[in-house]
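Peer 1: Sequence:
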Amino acid sequence: MAVPPFSIVADDTSEAQAALAELNARYASVPAAQAGCVVALGGDGFMLETLRSTLRRDVAVYGMNRGSVGFLMNEYEPEGLADRLEAAQRVDIHPLLMQARTVDGRTVEAVAINEVSLLRETHQTAKLRILIDDVERLVELACDGALVATPAGSTAYNLSAQGPIVPIGARLLALTPISAFRPRRWRGALLPDKATVTFEILEPAKRPVSAVADSTEVRGVAAVTVRQAADMSLSLLFDPEHNLEERILREQFLP
Numbered sequence: 061m062a063v064p065p066f067s068i069v070a071d072d073t074s075e076a077q078a079a080l081a082e083l084n085a086r087y088a089s090v091p092a093a094q095a096g097c098v099v100a101l102g103g104d105g106f107m108l109e110t111l112r113s114t115l116r117r118d119v120a121v122y123g124m125n126r127g128s129v130g131f132l133m134n135e136y137e138p139e140g141l142a143d144r145l146e147a148a149q150r151v152d153i154h155p156l157l158m159q160a161r162t163v164d165g166r167t168v169e170a171v172a173i174n175e176v177s178l179l180r181e182t183h184q185t186a187k188l189r190i191l192i193d194d195v196e197r198l199v200e201l202a203c204d205g206a207l208v209a210t211p212a213g214s215t216a217y218n219l220s221a222q223g224p225i226v227p228i229g230a231r232l233l234a235l236t237p238i239s240a241f242r243p244r245r246w247r248g249a250l251l252p253d254k255a256t257v258t259f260e261i262l263e264p265a266k267r268p269v270s271a272v273a274d275s276t277e278v279r280g281v282a283a284v285t286v287r288q289a290a291d292m293s294l295s296l297l298f299d300p301e302h303n304l305e306e307r308i309l310r311e312q313f314l315p
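Residue numbering for the sequence shown follows the working numbering, starting at 61 and increasing by one per position.
For the record, the hints were derived by calculation from the structure and aren't laboratory data.
Hints should not be assumed to be uniformly reliable.
[Stated by the list, open to error] Simulated restraints, written as ranges between beta carbons of each label pair:
no.	residue 1	residue 2	range
1	142	315	32 to 42 Å
2	152	311	18 to 28 Å
3	182	116	30 to 40 Å
4	290	74	35 to 45 Å
5	142	246	45 to 55 Å
6	254	169	15 to 25 Å
7	78	252	38 to 48 Å
8	143	254	36 to 46 Å
9	244	77	45 to 55 Å
10	311	139	22 to 32 Å
11	313	252	25 to 35 Å
12	241	142	49 to 59 Å
13	86	200	57 to 67 Å
On a predicted model such as this, the values are computed, not experimentally measured, just so you know.
Virtual Cβ for every residue (Gly too), placed ideally from N, Cα, C.
Input sequences plus hints: build the corresponding full structure.
Peer 2: This is the structure we're talking about:
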């Protein structure tokens, strides 16, 4: 692809700021509002922040790892940035839209790129009723929580909770319990990406639950609805030899 005007942004860590200074000394960048591409320096958390800033804008994000894991990032190399951007492969993903209703009647909406998770707030086990497209599928799940993950987020918290890795091109969402107590053997489900998942919190006063859309937390929820935000699209750029589809496939064969 032809290289559009690009902006370089960085996390506030010393490593990311040093990389920002190095790249600014080598390349001419433009303000973020004028950019057709954003080069993000940091870790996966900063990549998620950068992607959220591009919602409803036709801007692709090319990350270079100056953090820890860097699953969504390319390797950092100051040389040949323009050539790498030109050769990069584009992956478009849809985030999730969470609508949470609290016990005091508030409604909060938030967007999640990786996952929406429900988590117990106290020592009391959470109890959740789960509906898919308004059809009851689980009368009561006693657990530490549950989550709905996108394919891009399936290798994050979802994988740590023993959820399935979902190929990036699969039109699926992962519904995964977190430390399920009853039913003990329920391991979750793979759902069509058009499905709407509703969690109803049972005994919310005794067993309070919070809902988290990536980094946005809503405490004391009574019900949470999660669906794909089909009208929102986010674009990531990857070096051909380290594309996201290959990374997700490789992750399934790690020891």
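Peer 1: The structure should be examined with respect to each hint, and the outcome stated for every one.
Peer 2: Right, here's what the structure says about each hint:
no.: 1; hint: 142 with 315: 32 to 42 Å; result: 38 Å, holds
no.: 2; hint: 152 with 311: 18 to 28 Å; result: 20 Å, holds
no.: 3; hint: 182 with 116: 30 to 40 Å; result: 37 Å, holds
no.: 4; hint: 290 with 74: 35 to 45 Å; result: 40 Å, holds
no.: 5; hint: 142 with 246: 45 to 55 Å; result: 50 Å, holds
no.: 6; hint: 254 with 169: 15 to 25 Å; result: 19 Å, holds
no.: 7; hint: 78 with 252: 38 to 48 Å; result: 45 Å, holds
no.: 8; hint: 143 with 254: 36 to 46 Å; result: 39 Å, holds
no.: 9; hint: 244 with 77: 45 to 55 Å; result: 48 Å, holds
no.: 10; hint: 311 with 139: 22 to 32 Å; result: 28 Å, holds
no.: 11; hint: 313 with 252: 25 to 35 Å; result: 26 Å, holds
no.: 12; hint: 241 with 142: 49 to 59 Å; result: 54 Å, holds
no.: 13; hint: 86 with 200: 57 to 67 Å; result: 58 Å, holds
Going down the numbered hints, you'll see the structure goes against none, and every one checks out.
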